[in-house]
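Novice: Listed below are the residues making up each chain.
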Amino acid sequence: MNLNISRLLLAGMIVLACQSAHALEPYEFPDEQTRLRFQELTYELRCPKCQNQNIADSNAPIAKDLRQEVHRLLEEGKRDDEIVYYLVERYGDFIRYRPPFSLNTALLWLTPIVLVVVGVGVALWLGRRRKVTSNGADDLSPEEEERLARILRAQDRTFE
Amino acid sequence: MKRFLLFLPLIVAAGIFFLFSQMLEHDPNELQLARKDKPVPAFALPALRDASRILTEQNLRGEPMLVNVWATWCPSCHVEHPYLNKLAKQYGVKVVGLNYKDEREEALKWLARLGDPYVFNIFDEDGRLGLDLGVYGAPETYLVDAGGIIRYRHVGVVDDKVWHEILLPRMQEAGWQGAES
Chain A
20 MNLNISRLLL
30 AGMIVLACQS
40 AHALEPYEFP
50 DEQTRLRFQE
60 LTYELRCPKC
70 QNQNIADSNA
80 PIAKDLRQEV
90 HRLLEEGKRD
100 DEIVYYLVER
110 YGDFIRYRPP
120 FSLNTALLWL
130 TPIVLVVVGV
140 GVALWLGRRR
150 KVTSNGADDL
160 SPEEEERLAR
170 ILRAQDRTFE
Chain B
449 MKRFLLFLPL
459 IVAAGIFFLF
469 SQMLEHDPNE
479 LQLARKDKPV
489 PAFALPALRD
499 ASRILTEQNL
509 RGEPMLVNVW
519 ATWCPSCHVE
529 HPYLNKLAKQ
539 YGVKVVGLNY
549 KDEREEALKW
559 LARLGDPYVF
569 NIFDEDGRLG
579 LDLGVYGAPE
589 TYLVDAGGII
599 RYRHVGVVDD
609 KVWHEILLPR
619 MQEAGWQGAE
629 S
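For the protein sequence lines, the chains are A and B, in the order given. The opening position of the first sequence corresponds to residue 20 in the numbering used here, with each subsequent residue numbered one higher. The opening position of the second sequence corresponds to residue 449 in the numbering used here, with each subsequent residue numbered one higher.
The set of hints was computed from the structure by calculation and includes no laboratory data. Just to be clear, a hint being listed does not mean it is correct.
[What the hints assert, rightly or not] Straight-line distance between alpha carbons at most 30 Å, and here's what the computed DSS-like set of lysine-lysine pairs gives:
id : chain 1 : residue 1 : chain 2 : residue 2
1  : A       : Lys83     : B       : Lys557
2  : B       : Lys450    : A       : Lys97
3  : A       : Lys150    : B       : Lys450
[Said to hold, decoys possible] A partial selection of chain B residues facing chain A, derived with a Cβ cut-off under 8 Å:
id : residue
4  : Asn477
5  : Gly582
6  : Tyr584
Here the structure is a predicted model, which is why all the values come from computation and not from measurement. Ideal Cβ placement from N, Cα and C applies to all residues, glycine included.
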């Protein structure tokens, strides 16, 4: 009885694990390495229609077409970068989840670095300013000490 | 320096405002046209009406034209169709159809029922030419100039507004001298 339940659970888990869309298409590969390359490529290419899914996970017809295209190009013996270039030629850098550095993507790549530099700069500047003001408060010259005492005395008198 | 810092929030806010107002204009679902200013990719596909007639990229030159990607399974194409009829018949625009991943019978029935604005239709049954062009959803309309160079793509329904504000100026730029110019 227990064995049956665990078998059922196992079967359920296997079904869930196979939910990825391309698991539904029976692609055949000459070897394990090509299968892995197919997996990697389809995980790194973005579906043009659904935007925030890769073509491996999307059920959109265009994603299916692109999976088929990647498979076809793999069968033709194309290299990974050739396959990516082939698709970029048609759909633009948009379909790459890792866009190359260019004028268009400079903002995307450089903003984090700029923000970190600005943040560190502001933190250093604030830290230095605090030190300067606290030093200044402690370091009154003898004349200033005397003047301060005089002002305080004068004030005490007015309140009497 | 202190005075400058006082204005810093204002400057940052103005920058953000500028950035966001730019984004208002931009539809994130619209992809850039990878083939912009490049020739129509080579192809050899049958015509929709006459399967024995083979059309190639050579058929897409000579004068500025619109290449409309459509299919009978595409609801927005149904919405768009009457306006394409108007463009072709009233404004004299050369409209070529790219029947995309469709069935020949169904497509012919559609044209018989809704009218045929197309000079001819390329029958792209398995979407090869569509993929080469970078089609990601019908309807799409490509503007091809006399030299067979792709100048623009509109994604979505072409209507009066799209024609007058977007396509017509670009057609004229490509040297089109139709009834509407």
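Novice: Taking the hints in turn, state whether each one holds.
Specialist: Okay, the hints, checked on the actual structure:
Distance check on the hinted pair: Lys83(A) and Lys557(B) sit about 28 Å apart at the alpha-carbon level, within 30 Å; holds. Distance check on the hinted pair: Lys450(B) and Lys97(A) sit about 60 Å apart at the alpha-carbon level, beyond 30 Å; violated. Our distance criterion of 30 Å between C-alpha atoms is met by Lys150(A) and Lys450(B), whose separation comes to about 18 Å. Taking 8 Å as the C-beta cut-off, the interface hint given for Asn477(B) holds, the closest approach to chain A being about 7 Å.
Look at Gly582(B): its Cβ gets to within about 4 Å of chain A, closer than 8 Å, so that hint holds up. The interface hint given for Tyr584(B) holds, since its Cβ lies 4 Å from the closest Cβ of chain A, which is under the 8 Å cut-off.
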